[in-house]
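> Chains A and B, in that order, give the protein sequences. Heads up, the first sequence is in my numbering, so the first residue is 722 and it goes up one at a time. Heads up, the second sequence is in my numbering, so the first residue is 722 and it goes up one at a time.
Any given hint could turn out to be false.
Identical copies look the same in the list; a pair holds intra-copy or inter-copy alike.
[Said to hold, decoys possible] Pairs of lysine to any residue, SDA-like flavour, derived with a Cα cap of 20 Å:
1. K857 x L867
2. K830 x R794
3. K857 x E766
4. K857 x T730
5. K857 x S761
6. K857 x G842
Bear in mind the hints are in silico, worked out from the structure with no lab data behind them.
Number of protein chains: 2
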Amino acid sequence: MAEVRWLTTDEQRSWRAFIRGASKLFDQLESELRTAYGLSRDDYEVLVALSEGPPEGIRMSVLAENALMSRSRLTYTVDRMERDRLLERVACPEDGRGLRAALTRKGQKLLEAAAVTHVEGVRRWLVDVLSERELKTVGTAFARVLEQVPAARAPADLLG
Amino acid sequence: MAEVRWLTTDEQRSWRAFIRGASKLFDQLESELRTAYGLSRDDYEVLVALSEGPPEGIRMSVLAENALMSRSRLTYTVDRMERDRLLERVACPEDGRGLRAALTRKGQKLLEAAAVTHVEGVRRWLVDVLSERELKTVGTAFARVLEQVPAARAPADLLG
DNA sequence: GCACTTTCGTTCAGGTTTGAACTACTGACA
DNA sequence: TGTCAGTAGTTCAAACCTGAACGAAAGTGC
């Protein structure tokens with residue numbers, strides 16, 4: 722058992738500022754999307770992923786991966802969105818087990834509107850608040866974090 | 722209605738990297754705390770806040786503010802933690818409506834153990850992955866974000 | 001002292017999320 | 001061709017969260 726390497730005062734300060742700022746930013750952006758369009762962050766991520774995929778839709782499992790959601794959570798999210806006619810599930814010709822979620826016209830339209838709100842929020846609360854250099858640094862830093870953090874969160878991964 | 726100011730390609734890239742990296746980081750850290758100690762991030766935040774407050778405890782409303790939680794969510798969180806004997810609610814002499822949550826010995830011990838796990842995670846997945854300069858920038862950037870985002874998320878705030 | 005408004009924390013109803021089972025299908029191997 | 005492990009997506013029960021409504025106490029103005 723190695724000695725614990727605590728955070729220095731500066732590291733601690735930075736970490737705390739980050740976790741609080743980021744949490745609040747996420748809450749704010751989600752709150753804006755929800756009150757304006759009734760969309761959760763998950764819903765929005767799904768719409769974005771679909772709009773960037775091919776028109777025939779995206780496999781559920783791929784969608785779950787893209788949006789960093791568990792499969793069951795995605796099932797329920799897609800249920801709700803299908804009920805609201807924002808997307809539809811279509812069978813997958815090449816795999817009888819599979820389904821694709823595909824954007825409807827309504828979903829497309831809603832995303833176009835919501836994206837405006839969302840971009841304004843991202844600008845107002847983040848992009849315009851940071852200098853160009855800061856934003857760039859944040860981007861490259863978290864791209865590296867994303868690479869480092871283990872891809873799967875299977876229980877076995879946590880025991881190493 | 723003003724023209725939409727979309728994000729530039731670079732801004733978009735930075736924003737995406739950030740949201741994905743940060744989300745994954747949070748998920749990873751929470752997952753580590755949960756499998757090792759059965760603590761959610763909320764639980765952990767409450768323990769930290771209490772350990773930093775006076776020994777007689779902290780008012781529920783202050784705790785909710787510190788941990789960025791709704792009051793009802795805090796009520797349920799504290800219920801669970803009290804059931805597990807990590808803290809206890811004590812009446813508040815100076816305000817008959819109020820309660821303080823105060824750490825028990827067991828809560829104190831658990832936090833001491835969990836903090837080790839948590840710090841290791843923060844180091845491994847963030848602090849050691851970033852340069853000193855990057856971490857500093859992230860800290861100052863999000864401190865500014867925290868300042869800018871409106872404090873309350875009362876419905877009225879969202880209509881302006 | 002008495003009405004009024006505000007604040008504190010909880011409770012309620014209903015929606016959401018979780019992780020483990022489950023069904024249906026696929027692909028590999030004999 | 002038949003078995004069998006593995007995968008896709010769903011479902012289930014239980015835990016969790018949300019926001020509005022609530023009871024109790026505090027503060028305010030008269």
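> At most 20 Å between alpha carbons: which applies to K830 and R794, within, between, both or neither?
neither (24 Å within a copy, 34 Å between copies)
> Within, between, both or neither: how does the pair K857, L867 come out at a Cα-Cα threshold of 20 Å?
Both: 15 Å inside a copy, 19 Å across copies.
> How would you classify K857 and S761 at a CA-CA limit of 20 Å: within, between, both, or neither?
neither (27 Å within a copy, 31 Å between copies)
> For the identical chains here, do K857 and T730 meet the 20 Å Cα criterion within one copy, between copies, both, or neither?
Between copies only: 12 Å across chains, 25 Å inside a chain, cut-off 20 Å.
> With 20 Å as the alpha-carbon cut-off, assign the pair K857 and E766 to within, between, both or neither.
Cα proximity of K857 and E766: none, with 22 Å in one copy and 29 Å across.
> How would you label the pair K857, G842 (within, between, both, or neither) given a Cα cut-off of 20 Å?
Result: close within a single copy only, 18 Å intra versus 24 Å inter.
Hints 2, 3, 5, counting from the list given before, are not met by this structure.
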